[in-house]
Structure formats: structure tokens, C-alpha cells
Amino acid sequence: MNVIIYCRVSSDEQTLGASLDVQEERLRKYCNQMGYNIINNIPYREDESAKTFEKRPVIQGIMSYIRKNKGKVNKLLFLRWDRYSRDIISASENLKELLKLGVEPNAIEAPLDFNSDTWPLLLGVHIGSAQCDNIKRSKATMDGIHGTLAKGKCANKAPRGYKNVRISKHETHVEIDTNTAPFIQAMFKEVAKGIETPCYIRRKFARKGYNIPESSFLEMLRNKFYIGKIRVPAYKGEPEYYVNGEHEAIIDEETFYKVHIGFKESVKKYTTIYFFIYFSLLHLCSTGLFG
17 MNVIIYCRVS
27 SDEQTLGASL
37 DVQEERLRKY
47 CNQMGYNIIN
57 NIPYREDESA
67 KTFEKRPVIQ
77 GIMSYIRKNK
87 GKVNKLLFLR
97 WDRYSRDIIS
107 ASENLKELLK
117 LGVEPNAIEA
127 PLDFNSDTWP
137 LLLGVHIGSA
147 QCDNIKRSKA
157 TMDGIHGTLA
167 KGKCANKAPR
177 GYKNVRISKH
187 ETHVEIDTNT
197 APFIQAMFKE
207 VAKGIETPCY
217 IRRKFARKGY
227 NIPESSFLEM
237 LRNKFYIGKI
247 RVPAYKGEPE
257 YYVNGEHEAI
267 IDEETFYKVH
277 IGFKESVKKY
287 TTIYFFIYFS
297 LLHLCSTGLF
307 G
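Every number in the working numbering is 16 more than the matching position in the sequence shown, counting from 1.
I should point out that these hints are in silico values taken from the structure, not numbers from a laboratory.
Hints may be right or wrong, so weigh each one.
As the list claims (entries may be wrong) - Pairs of lysine to any residue residues, derived as SDA-like cross-links and limited to a Cα-Cα distance of at most 25 Å, are as follows:
1. LYS167 with THR157
2. LYS88 with PRO59
3. LYS245 with GLY160
4. LYS88 with LYS116
5. LYS245 with ARG153
6. LYS84 with PHE69
7. LYS67 with MET50
8. LYS91 with MET50
9. LYS274 with GLU256
10. LYS112 with ASP133
11. LYS91 with TYR46
12. LYS84 with GLU70
13. LYS185 with ASP149
14. LYS224 with LYS185
15. LYS67 with MET17
16. LYS185 with ASP133
17. LYS45 with ALA123
18. LYS245 with ASP268
19. LYS84 with VAL38
20. LYS169 with ARG153
Starting from the given sequences, assemble the full structure and let the hints guide the process.
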């Protein structure tokens with residue numbers, strides 16, 4: 017019986033008794049007891065926690081090997097069903113292909129009898145339970161992020177001009193990045209003058225060595241984080257709103273709103289120019305000057 021052993025773990029599970037080494041040790045011991053031959057005597061170890069099989073390079077490598085060596089692999093073994101997948105739809109699609117290729121995927125801690133009529137039900141129980149746990153964790157995470165934002169705390173990576181500083185294992189706070197904040201402040205001041213366009217100002221600073229992609233630059237100019245505000249997105253029926261952040265503002269409100277007034281005036285100006293040119297061309301065409 018030729019088998020492939022597959023170990024998978026996410027970084028936060030390494031300390032929960034399910035490390036890659038632990039899984040490999042138990043799988044090797046099981047194969048030795050059953051008299052199974054581990055193909056090439058190597059384990060396939062993966063530390064990706066992606067939901068779908070397509071985003072897990074090691075399992076994709078296994079599938080490629082099985083397709084190229086059809087008939088040479090009898091089983092794909094893993095410790096538990098949640099190591100194989102925590103998504104019932106993705107698991108069903110992959111399992112269907114494996115069975116079609118003559119390979120039986122199975123967990124050594126809760127093996128399924130694929131000759132039994134009840135294996136689909138049991139598969140749903142094992143992987144469905146893991147998926148339910150994922151959904152609960154996801155909801156708890158979203159609740160936590162929303163609660164953090166509502167308290168005026170940054171819940172993700174701080175924008176340019178700031179930096180995240182870890183103060184404990186589970187807590188960080190935002191500080192001004194003294195290396196980049198002066199560039200951000202200078203950009204806002206230049207745009208607020210209303211003399212040059214934001215895109216021209218962005219290119220001017222890029223030539224000085226501080227390059228920001230155009231879309232990111234325009235988003236930065238609209239970001240109220242710089243005036244000390246935290247955006248709390250719409251959630252569970254509540255509308256979006258802003259709260260005062262715990263971080264220090266690096267742009268004063270007068271400058272920030274001058275930038276926004278400049279945006280509106282630029283749009284109005286260039287819209288007027290566009291329509292003037294458009295209707296001028298229409299007039300010229302109606303006079304026959306362009307044939």
C-alpha cells in the first residue's frame with residue numbers, strides 16, 4: 017500500500033500540540049503499524065491556512081504528483097480531517113477528484129469507511145464542525161475589530177506617516193513616524209495651497225525620492241486618520257461614523273479641509289474646461305469646418 021502523508025498547521029496552532037513535527041511522527045508511526053509504504057519516504061508539510069485548496073501550494077503539488085503517477089498512490093493520509101480542510105465545499109470537490117484518481121484520503125484519528133453508505137454524512141460532521149468553528153472565530157474577530165475601532169484605536173496597519181508599535185503580545189499602539197511624517201505634512205500643505213494639482217505635487221515629491229502611487233496618494237489626502245479621526249465602518253445595521261482616535265494628528269483640520277475644497281474646485285474647473293472644448297468642437301463640426 018503506497019501512501020502520501022500530509023501535515024498542515026497554521027502558525028497559531030504550533031503551540032497547541034498539533035505542530036508539523038507531531039503530526040509527522042504520528043503519521044509515520046501509524047504507517048509503520050499498518051505496513052504502509054510512504055512514497056519516497058518524505059512527508060508533505062504545509063503551513064498555509066488558506067480556505068481553498070487552490071491557495072495551498074503543497075496540496076497542489078500532491079495533486080500534480082498523483083495525476084502524473086496515476087495508479088501508484090493508494091492513500092493520502094493526514095492526522096485529522098480539519099488538517100485536510102475546514103471548508104466542506106472545497107473538501108468535497110477535492111475528495112471527489114482524489115477518489116476518481118483511485119486515491120483514498122483519510123484521517124488516521126477518525127478514518128472513514130468509503131465502502132459504507134454513511135461516509136458522506138460523517139465527512140460532513142468532521143469538516144462541517146471545523147467550518148462552524150471557523151465561522152464563529154471570524155464573527156468574533158469582526159466584533160473585536162469593530163469594538164477596537166469604536167474605542168478610537170487603530171485595528172490594522174497604520175497609514176504612511178505613522179508606525180505600529182507593539183507594547184504587549186496582544187496589543188499595539190500607533191506612534192508618529194518621524195522619518196516619514198514630515199513628507200506627509202509637506203504634501204498636504206502643498207496641495208492645500210491650491211496652486212498645483214495633487215498629481216503634479218505627487219510627481220514632484222517622487223523626484224525627491226518619496227514616491228507614492230497615484231491612487232494611494234489621493235486616498236491619503238482623503239484619510240481623516242491624519243486629523244486624529246478613526247473611521248468605524250457600517251456594521252450590523254449601524255451606519256458608518258468617525259470617532260476621535262487615540263493617536264496624535266499630524267495634519268490640522270484647516271489644512272485638511274482646504275485640500276478637500278481644492279479637490280472640489282479642481283473637479284469643477286476641469287469639468288467646465290471639458291464641456292467648453294466639447295461644445296466648441298460640436299459647433300465647429302456643425303459649421304462644416306471639419307467636413
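Hint check results:
This hinted pair checks out: LYS167 and THR157 have alpha carbons roughly 15 Å apart, not beyond 25 Å. Simply put, LYS88 and PRO59 have alpha-carbon atoms about 16 Å apart, close enough for the 25 Å limit, and the pair holds. Proposed proximity of LYS245 and GLY160 is supported: the alpha carbons are some 19 Å apart, at most 25 Å. Simply put, LYS88 and LYS116 have alpha-carbon atoms about 14 Å apart, close enough for the 25 Å limit, and the pair holds.
With a C-alpha separation of about 28 Å, the suggested pair LYS245 and ARG153 falls outside the 25 Å cut-off, and the hint is violated. At roughly 18 Å between alpha-carbon atoms, LYS84 and PHE69 fall within 25 Å of each other, so this suggested pair holds. Using a Cα cut-off of 25 Å, the hinted pair LYS67 and MET50 is violated, with the two alpha carbons roughly 31 Å apart. The hinted pair formed by LYS91 and MET50 meets the criterion: a straight-line CA distance of about 12 Å does not exceed 25 Å.
Proximity of LYS274 to GLU256 is assessed by CA-CA distance (about 23 Å); at most 25 Å being required, the pair is judged to hold. Using a Cα cut-off of 25 Å, the hinted pair LYS112 and ASP133 holds, with the two alpha carbons roughly 15 Å apart. Between LYS91 and TYR46 the CA atoms are separated by roughly 13 Å; this keeps the pair inside 25 Å, and the hint holds. Only pairs whose Cα atoms come within 25 Å are accepted, and LYS84 paired with GLU70 is accepted, the gap being roughly 18 Å.
A threshold of 25 Å between alpha carbons decides the hint, and for LYS185 with ASP149 the separation of about 24 Å falls inside it, so the pair holds. Between LYS224 and LYS185 the alpha-carbon distance is near 38 Å, which puts this suggested pair outside the 25 Å criterion. The straight-line distance between the Cα atoms of LYS67 and MET17 is roughly 30 Å, outside the 25 Å bound, and the hint therefore fails. As the CA atoms of LYS185 and ASP133 are separated by approximately 48 Å, the hinted pair breaks the 25 Å bound.
Only pairs whose Cα atoms come within 25 Å are accepted, and LYS45 paired with ALA123 is accepted, the gap being roughly 14 Å. Restraint check for LYS245 and ASP268: the C-alpha separation of about 11 Å stays at or below 25 Å, so the hint holds. Under the criterion of a C-alpha separation no larger than 25 Å, the hint pairing LYS84 with VAL38 is inconsistent with the structure, at around 30 Å. At roughly 21 Å between alpha-carbon atoms, LYS169 and ARG153 fall within 25 Å of each other, so this suggested pair holds.
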